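**Q** Sequence:
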Amino acid sequence: MRAARLHEYTHDMSNGLSIDEVNAPQVASGDDVIVDVEGAGWCQTDNHIIEGMWEQYVQQDLPMTLGHENAGTVVETGDDVDIVSEGDQVICHPVQTCGTCRPCRQGETMYCENDAFNGLTTDGGFADQLLTSDRSVIPLPEGVDPADIAPHADAGITAYHAAKKAVDGLNPGDTAVVIGIGGLGHIGLQCLDAMCAADLVAVDIKQSARDLADDLGAHHTIDPESEDVASEVEAISDGVGAAQVLDFVGADETTALAPDICAAGGDHHIIGYGGHIHEPAQALVNGEFAYQGNIVGQYTELQELVALVDRGAVDLHTTQYGLDEVNTVAQKLEDREIDGRAVITP
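Note that UniProt numbering numbers the sequence shown so that position 84 is 84, with each residue one more than the last.
Treat the hints as calculated values from the structure; they're not laboratory data. Predicted model only: the values in this text are computed from it and were never measured. Hints should not be assumed to be uniformly reliable.
[Said to hold, decoys possible] Just the calculated beta-carbon pair ranges, DEER-fashion: (1) Glu86 with Ile277: 45 to 53 Å; (2) Asp61 with His317: 28 to 36 Å; (3) Lys206 with Ala28: 39 to 47 Å; (4) His48 with Gln207: 34 to 42 Å; (5) Pro63 with Ser231: 45 to 53 Å.
Positions of the beta carbon are idealized from the N, C-alpha and C atoms, including for glycine.
Required output: the full structure, derived from the provided sequences and hints.
**A** Next up, the structure:
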């Protein structure tokens, strides 16, 4: 079968992956599930993996097939699988968990001590077929196209995971700021809109992204290149600040906004990454705000997000590309030329 493989780390996105012929996956254990991939979302994390940013955090044995946002049709299962069967359409949580370690038994599947992460630590879905497990597949509602929903396997669940945490700190009339209305941010904005009654403020340098935010429920938009974000948030919130900030950019410039835009006791959620946090300890003590990290989300949260999608509360904006266009997509994302999510359709 065909697979888009990373052979060596590089900053050249136009030539990061190669299309190779590899052996198709085989069922080797009772809980294995093999999926014909119909949609695999491209993520900024894929660019970071190609650059080698994850090498110091997880073991990566190259060459490796990338792609961690996957959906398609089940073609084969192990003998112990009863949650799905051949012909079922599914979305695949990117993490395959053991189910028996302490974090798994507590429901914290992202902390599994024996996990495998498709496209990050083991072969992913930029290929004709994907090997996953019964603990990672969720049957899709009737009428949901796997290619349309695929990015929710990571982008969607990550945005939902952060929004769900933020909603706990939002009361009606509070201000919530969403920084970056891109592939994840446009999902996070909709999740907030569906789950809370806060005033939603969208921040993005692109006019097209701010227009999208308007369409998706933002009450205010800010252009950080022509407007002072802190002053605008202060005016919108009547001087209180943002009770919750969802930062889908994670650059030095955006994390540095926290002391100036967070309300007392607020949270600045880091979802996008690539930058750093360089704030004096006194700034956190003075405002008693917190930086909160986020990575993907639990299996159950993906189930909840699929329910929101099925209800029509979350709309995913996607553009589809063929498997042979993976490097084109990577370069387009690097150049900020993609609104919403790009989906590879093997």
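**Q** Each hint should be assessed against the structure and marked as holding or not.
**A** Taking the hints in turn, this is what the structure says about them:
1. For Glu86 and Ile277, the Cβ-Cβ distance of about 48 Å falls inside the hinted range of 45 to 53 Å, so the restraint holds.
2. Evaluation of the 28 to 36 Å hint for Asp61 and His317 yields a pass: the beta carbon distance comes to about 34 Å.
3. A hinted range of 39 to 47 Å for the beta carbons of Lys206 and Ala28 is consistent with their spacing of about 46 Å.
4. Checked against the hint of 34 to 42 Å, the pair His48 and Gln207 fails, with Cβ atoms roughly 26 Å apart.
5. In this structure the hint that Pro63 and Ser231 lie 45 to 53 Å apart at CB holds, the actual value being about 50 Å.
When held up to the earlier numbered hints, the structure conflicts with hint 4 and nothing else.
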